[in-house]
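Using the sequences plus the hints, can you model the full thing?
One-letter residues, chain by chain:
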Amino acid sequence: GEDVEQSLFLSVREGDSSVINCTYTDSSSTYLYWYKQEPGAGLQLLTYIFSNMDMKQDQRLTVLLNKKDKHLSLRIADTQTGDSAIYFCAEGEANQAGTALIFGKGTTLSVSS
Amino acid sequence: DSGVTQTPKHLITATGQRVTLRCSPRSGDLSVYWYQQSLDQGLQFLIQYYNGEERAKGNILERFSAQQFPDLHSELNLSSLELGDSALYFCASSVAGGPGNEQFFGPGTRLTVL
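Note that the protein sequences, when read in sequence, are chains C and E. Going by the working numbering, the letters in the first sequence line up with residues 1 to 113, in that order. Going by the working numbering, the letters in the second sequence line up with residues 1001 to 1114, in that order.
Derived DEER-like restraints, expressed as beta-carbon distance ranges:
#	chain 1	residue 1	chain 2	residue 2	range
1	C	Glu38	E	Gln1017	28 to 34 Å
2	E	Arg1022	C	Phe9	33 to 39 Å
3	C	Lys68	E	Gln1017	46 to 52 Å
4	C	Asp16	E	Leu1083	38 to 44 Å
5	C	Leu61	E	Arg1018	41 to 47 Å
6	C	Gly40	E	Ser1027	23 to 29 Å
Hints in this document: simulated from the structure, not taken from any laboratory. Here a beta-carbon is modelled for each residue, glycine too, at the ideal position from N, C-alpha and C.
This is how it looks when you write it as structure tokens:
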């Protein structure tokens, strides 16, 4: 079945870049997503990438997709303490009615000042 | 604020009981999704509805059921509750059209089964 794997923890210093990695198994996934969950809050979509793209940049966020290796990464430039949260990678296949997402277990990003 | 509302925020109940969780999607969204987040299983997709009809099923137990009403709000019913059902239950909604089908998540309902 489909599976999404992420490393569980990442610790960086404020101002450094953070890179969160994810691997997925479903080669038919059309979209891949990064969600952020702050303590006690719901999930917030950060960005997504269509499977025919290699890279997407959005301000401090850069998503890289290696479709051959089924590897997705999220780079956060100039990481701030406010970026401390759990980051979830998710894969999904869009259909006419929407997309059921398969999530990884989440990477806890800890940013120290 | 995503525009998705869930009630109640917290629910404490006993094993064997039945509870109903409610979700109101964003205005204009036709599709509703339910997810369960627990420490051991992580975030798991349970079920999806689109305009009142069930569209996709994930790891949803037979003791759980859901429905989407004509006004598009949805309810998730959990019965014969077990300790392991304690989790955060999220509802999400999407327009269900166009690229990306972005899902907007509600704040969740925290269920504690004692």
